[in-house]
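Sequence order for the protein chains is A and B. Under our numbering, the first sequence is numbered contiguously, ending at residue 108. Under our numbering, the second sequence is numbered contiguously, ending at residue 1116.
For the record, the hints were derived by calculation from the structure and aren't laboratory data. Here the structure is a predicted model, which is why all the values come from computation and not from measurement. Quick reminder that beta carbons are idealized off the backbone N, C-alpha and C, glycines included. It is possible that part of the hints are untrue.
Sample of chain B residues at the chain A side, in silico, Cβ under 8 Å [unchecked claim]: (1) G1042; (2) L1043; (3) L1045; (4) P1054; (5) D1056; (6) F1091; (7) N1103; (8) E1104; (9) Q1105.
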Amino acid sequence: KNEVEQSPQNLTAQEGEFITINCSYSVGISALHWLQQHPGGGIVSLFMLSSGKKKHGRLIATINIQEKHSSLHITASHPRDSAVYICAVQTSGSRLTFGEGTQLTVNP
Amino acid sequence: DAGVIQSPRHEVTEMGQEVTLRCKPISGHDYLFWYRQTMMRGLELLIYFNNNVPIDDSGMPEDRFSAKMPNASFSTLKIQPSEPRDSAVYFCASSQVRDSQYNEQFFGPGTRLTVL
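Could you put together the complete structure from these sequences and hints?
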């Protein structure tokens, strides 16, 4: 079993839909990261959180440390949100362990 | 700031050749990371440095891989000799610690390596 599990692996939505991507982990962590990888391959950090909830524009990330679970929500989804979303947990020091990613496609 | 800079962006080489990938982190960042991404294994941490010192190299696949950070503004990842299974996208990232808190990592555009 991987230390970081994401679901779903693939997600197709219509523009405007509310989207949720889930991440579960099995190890103790100091922080959890959500990353976005564009179709061209570039990786951007969306959130880094160790408790509670963070919001940036239409993106919201939550984490429940007791349940070892995090969610990434996208409100009013748009085709430009189409990308791979990757959950990563920060364990010892600055080491990151990555989930396999969720391929999101938002259709107009 | 220009962000994290990697070179080359693409590298095609033949098996057995030496390959050197280069990275310039964001100025002022004290952490530098090297990652590898493949279809089979996804993103993996190879090694990371703090203040130019290697901290965790447990992800380096084998002795053919080596990484150095001679100063705060430059790092190299070298593969010698290269093998077809080393074909992947190699990312460099940097971050900084402020007020004893880790912060987000900024990724470079990656180097796509193909070993024939």
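Violating hint indices (sorted, rising):
4
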